[in-house]
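2 protein chains.
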Amino acid sequence: MVLLVHHPISPFARKIRLQMSEKKMLFVLREEEPWKISEDVYKLNPAGELPILLNDGIVICGNYAISEYLEETRNDVSLIFGTVEQKAEIRRLVDWFDNKFYREVYRNLVYEKVHKRFAAGMAPDSKIIKIGLNNLNYHLEYIEWLLEQRQYLGADTISLADLSAAAQLSVIDYLGGIPWEEFRNAKIWYSKIKSRPSFKDILKDNIRGILPTKHYANLDF
Amino acid sequence: MVLLVHHPISPFARKIRLQMSEKKMLFVLREEEPWKISEDVYKLNPAGELPILLNDGIVICGNYAISEYLEETRNDVSLIFGTVEQKAEIRRLVDWFDNKFYREVYRNLVYEKVHKRFAAGMAPDSKIIKIGLNNLNYHLEYIEWLLEQRQYLGADTISLADLSAAAQLSVIDYLGGIPWEEFRNAKIWYSKIKSRPSFKDILKDNIRGILPTKHYANLDF
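So the sequence lines, in the order shown, correspond to chains C and R. If you're matching positions, the first sequence starts at 1 in the working numbering and goes up one per residue. If you're matching positions, the second sequence starts at 1 in the working numbering and goes up one per residue.
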């Protein structure tokens with residue numbers, strides 16, 4: 001049995017869920033709150049971070065190790081593909097969204113609005129939110145630029161770069177505030193990703209205590 | 001020709017330099033200051049981050065893409081090896097040092113002491129330094145724990161996990177303050193890594209405006 005320890009607020013867990021679904025894998029989910037990591041999670045992953053994959057007793061920890069492990073073991077559907085240069089381009093963009101977007105947008109918006117509240121009962125700092133929103137615009141511009149070069153973000157077909165990006169954006173979109181109308185090509189791209197069977201489960205996500213924005217689950221938003 | 005755009009303060013560039021040297025690759029270095037990224041660098045890497053690899057006109061950006069690219073194209077010396085589970089363990093620890101150690105130790109110590117000074121002429125915040133030093137102790141404990149399980153951090157022979165860890169630690173060690181005497185096994189391990197031919201170049205590193213601590217280049221420290 002394949003089990004993923006996750007939380008709907010975790011973009012990295014969302015990415016792995018999308019990757020497994022694209023590979024038509026069956027898996028079950030176990031939810032753990034990232035702001036209140038349990039002893040059980042620390043036993044599995046001493047880093048105390050999500051996601052964690054349990055595959056028939058084998059434990060694989062963290063977004064990087066899990067995504068490469070899935071590429072190696074379930075390669076009938078490949079999400080890092082092509083020549084070594086094309087693979088490097090896909091990984092460059094995975095890194096962009098997993099690290100740069102995460103640090104510049106996710107941390108400023110989602111940590112402020114959600115983690116701070118649940119972890120410490122604190123209100124968000126509007127200055128930090130503003131920085132996050134400015135950065136979001138810049139990243140949406142970059143997505144538009146990439147879509148002028150190719151059909152999807154990392155290549156002309158869907159790759160792990162799209163899943164990394166959509167995973168991050170889907171958490172932001174749950175909370176609302178993405179100026180989709182100003183970024184038409186990014187919107188068309190996200191709408192295509194949203195319509196994939198692998199995304200169905202993500203659109204049903206529910207972060208306890210926070211309602212999704214109205215259009216969150218709409219394919220035509 | 002292989003060229004790496006780097007800076008001696010960048011742990012990720014150090015990691016790639018170590019990886020290329022372990023693979024007996026010949027390469028030249030070009031230094032760029034991370035606190036004053038030039039237009040040239042942005043043209044190569046829109047993320048504006050180091051390192052950047054130029055391999056006969058092919059540009060590969062960022063630590064993740066470069067390290068996997070080198071594993072794929074120069075596989076006579078493998079640094080991510082073994083069964084898929086062993087590879088996942090190596091990658092888990094690469095992630096640990098590239099992300100967790102970087103965030104919890106490097107950002108608090110090196111950003112405060114070096115980046116803040118060169119980027120903004122600001123003095124370090126002693127509270128942040130203290131947090132970084134506390135976290136450093138915890139990470140050294142974890143290194144000791146790993147070395148009770150195996151000869152090197154990720155396996156019984158040297159792997160990318162050791163290079164990631166040693167790259168981060170070597171920048172901290174340049175500035176001084178690692179309590180090596182309290183972590184004997186970590187010290188023995190670091191001394192082994194330091195003695196490798198691949199490390200020679202790192203020990204000659206010079207961060208302009210900052211002298212290395214006395215023992216930095218000593219193999220017997």
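None of these hints come from the bench; they were simulated from the model. Hints are supplied without guarantee of correctness; some may be wrong.
[Stated by the list, open to error] In silico SDA-like pairs for lysine to any residue, Cα to Cα no more than 25 Å straight-line: (1) C:Lys-36 - R:Lys-214; (2) C:Lys-204 - C:Leu-219; (3) R:Lys-100 - C:Leu-219; (4) R:Lys-100 - R:Ile-58; (5) R:Lys-130 - R:Leu-29; (6) C:Lys-23 - R:Gly-57; (7) R:Lys-130 - R:Gln-151; (8) R:Lys-187 - R:Lys-116; (9) C:Lys-200 - C:Ser-21; (10) R:Lys-43 - C:Asn-135; (11) C:Lys-43 - R:Trp-145; (12) R:Lys-43 - C:Asn-185; (13) C:Lys-130 - R:Gln-86; (14) R:Lys-127 - R:Thr-213; (15) R:Lys-100 - C:Tyr-42; (16) C:Lys-127 - R:Ile-128; (17) R:Lys-100 - C:Thr-157; (18) R:Lys-23 - C:Val-84; (19) C:Lys-100 - R:Ile-58; (20) R:Lys-36 - R:Pro-212; (21) R:Lys-24 - R:Asp-40; (22) C:Lys-100 - R:Lys-200; (23) R:Lys-100 - C:Lys-23; (24) R:Lys-116 - C:Gly-48; (25) C:Lys-100 - R:Gly-82; (26) R:Lys-23 - R:Asn-218; (27) R:Lys-130 - C:Ala-119; (28) R:Lys-100 - C:Lys-200; (29) R:Lys-43 - C:Lys-204; (30) C:Lys-116 - R:Gly-48; (31) C:Lys-43 - R:Ile-37; (32) R:Lys-43 - C:Glu-104; (33) R:Lys-214 - R:Gly-48; (34) C:Lys-187 - C:Lys-204; (35) R:Lys-200 - R:Glu-39.
Outcome of the hint check:
1. The straight-line distance between the Cα atoms of Lys-36 of chain C and Lys-214 of chain R is roughly 42 Å, outside the 25 Å bound, and the hint therefore fails.
2. Restraint check: the Cα-Cα separation between Lys-204 of chain C and Leu-219 of chain C comes to about 12 Å, which is no more than 25 Å; the hinted pair holds.
3. The straight-line distance between the Cα atoms of Lys-100 of chain R and Leu-219 of chain C is roughly 36 Å, outside the 25 Å bound, and the hint therefore fails.
4. With a C-alpha separation of about 30 Å, the suggested pair Lys-100 of chain R and Ile-58 of chain R falls outside the 25 Å cut-off, and the hint is violated.
5. For the hint linking Lys-130 of chain R to Leu-29 of chain R, the alpha-carbon distance of about 34 Å lies beyond 25 Å, and the restraint is violated.
6. About 34 Å separates the Cα atoms of Lys-23 of chain C and Gly-57 of chain R, which puts this hinted pair outside 25 Å; it is violated.
7. Restraint check for Lys-130 of chain R and Gln-151 of chain R: not satisfied, since their Cα atoms lie roughly 31 Å apart, outside the 25 Å limit.
8. Restraint check for Lys-187 of chain R and Lys-116 of chain R: the C-alpha separation of about 29 Å exceeds 25 Å, so the hint is violated.
9. Between Lys-200 of chain C and Ser-21 of chain C, the direct Cα distance comes to roughly 10 Å. Compliance with the 25 Å bound is thereby established for this hinted pair.
10. A distance of roughly 20 Å separates the Cα atoms of Lys-43 of chain R and Asn-135 of chain C; the hinted pair therefore holds under the 25 Å criterion.
11. Simply put, Lys-43 of chain C and Trp-145 of chain R have alpha-carbon atoms about 14 Å apart, close enough for the 25 Å limit, and the pair holds.
12. For the suggested pair Lys-43 of chain R and Asn-185 of chain C, the alpha carbons sit about 23 Å apart, so the restraint of at most 25 Å is met.
13. Distance check on the hinted pair: Lys-130 of chain C and Gln-86 of chain R sit about 43 Å apart at the alpha-carbon level, beyond 25 Å; violated.
14. With a C-alpha separation of about 22 Å, the suggested pairing of Lys-127 of chain R with Thr-213 of chain R holds against the 25 Å cut-off.
15. Proposed proximity of Lys-100 of chain R and Tyr-42 of chain C is supported: the alpha carbons are some 15 Å apart, at most 25 Å.
16. For the suggested pair Lys-127 of chain C and Ile-128 of chain R, the alpha carbons sit about 21 Å apart, so the restraint of at most 25 Å is met.
17. Taking the CA atoms of Lys-100 of chain R and Thr-157 of chain C, the gap is near 32 Å; set against the 25 Å cutoff, the hint is violated.
18. Of the supplied pair hints, the one linking Lys-23 of chain R and Val-84 of chain C holds, its CA atoms being roughly 17 Å apart against a limit of 25 Å.
19. At roughly 22 Å between alpha-carbon atoms, Lys-100 of chain C and Ile-58 of chain R fall within 25 Å of each other, so this suggested pair holds.
20. The straight-line distance between the Cα atoms of Lys-36 of chain R and Pro-212 of chain R is roughly 22 Å, inside the 25 Å bound, and the hint therefore holds.
21. Between Lys-24 of chain R and Asp-40 of chain R the alpha-carbon distance is near 28 Å, which puts this suggested pair outside the 25 Å criterion.
22. Our distance criterion of 25 Å between C-alpha atoms is broken by Lys-100 of chain C and Lys-200 of chain R, whose separation comes to about 31 Å.
23. The suggested pairing of Lys-100 of chain R with Lys-23 of chain C is violated, with an alpha-carbon distance near 29 Å, which exceeds 25 Å.
24. Pair hint Lys-116 of chain R plus Gly-48 of chain C does not hold up; C-alpha atoms about 29 Å apart against a cutoff of 25 Å.
25. Taken as a hint, the Lys-100 of chain C and Gly-82 of chain R pair is broken in the structure, with Cα atoms around 31 Å apart against an allowance of 25 Å.
26. At roughly 24 Å between alpha-carbon atoms, Lys-23 of chain R and Asn-218 of chain R fall within 25 Å of each other, so this suggested pair holds.
27. Taking the CA atoms of Lys-130 of chain R and Ala-119 of chain C, the gap is near 23 Å; set against the 25 Å cutoff, the hint holds.
28. Of the pairs offered as hints, the one joining Lys-100 of chain R and Lys-200 of chain C is violated, with about 31 Å between alpha carbons and a cut-off of 25 Å exceeded.
29. Between Lys-43 of chain R and Lys-204 of chain C, the direct Cα distance comes to roughly 40 Å. Violation of the 25 Å bound is thereby established for this hinted pair.
30. For the given pair, Lys-116 of chain C sits about 29 Å from Gly-48 of chain R by alpha-carbon distance, which is inconsistent with the 25 Å threshold.
31. Taking the CA atoms of Lys-43 of chain C and Ile-37 of chain R, the gap is near 41 Å; set against the 25 Å cutoff, the hint is violated.
32. Our distance criterion of 25 Å between C-alpha atoms is met by Lys-43 of chain R and Glu-104 of chain C, whose separation comes to about 20 Å.
33. As the CA atoms of Lys-214 of chain R and Gly-48 of chain R are separated by approximately 33 Å, the hinted pair breaks the 25 Å bound.
34. With a C-alpha separation of about 20 Å, the suggested pair Lys-187 of chain C and Lys-204 of chain C falls inside the 25 Å cut-off, and the hint holds.
35. Our distance criterion of 25 Å between C-alpha atoms is broken by Lys-200 of chain R and Glu-39 of chain R, whose separation comes to about 31 Å.
Of the numbered hints listed earlier, those contradicted by the structure are 1, 3, 4, 5, 6, 7, 8, 13, 17, 21, 22, 23, 24, 25, 28, 29, 30, 31, 33, 35.
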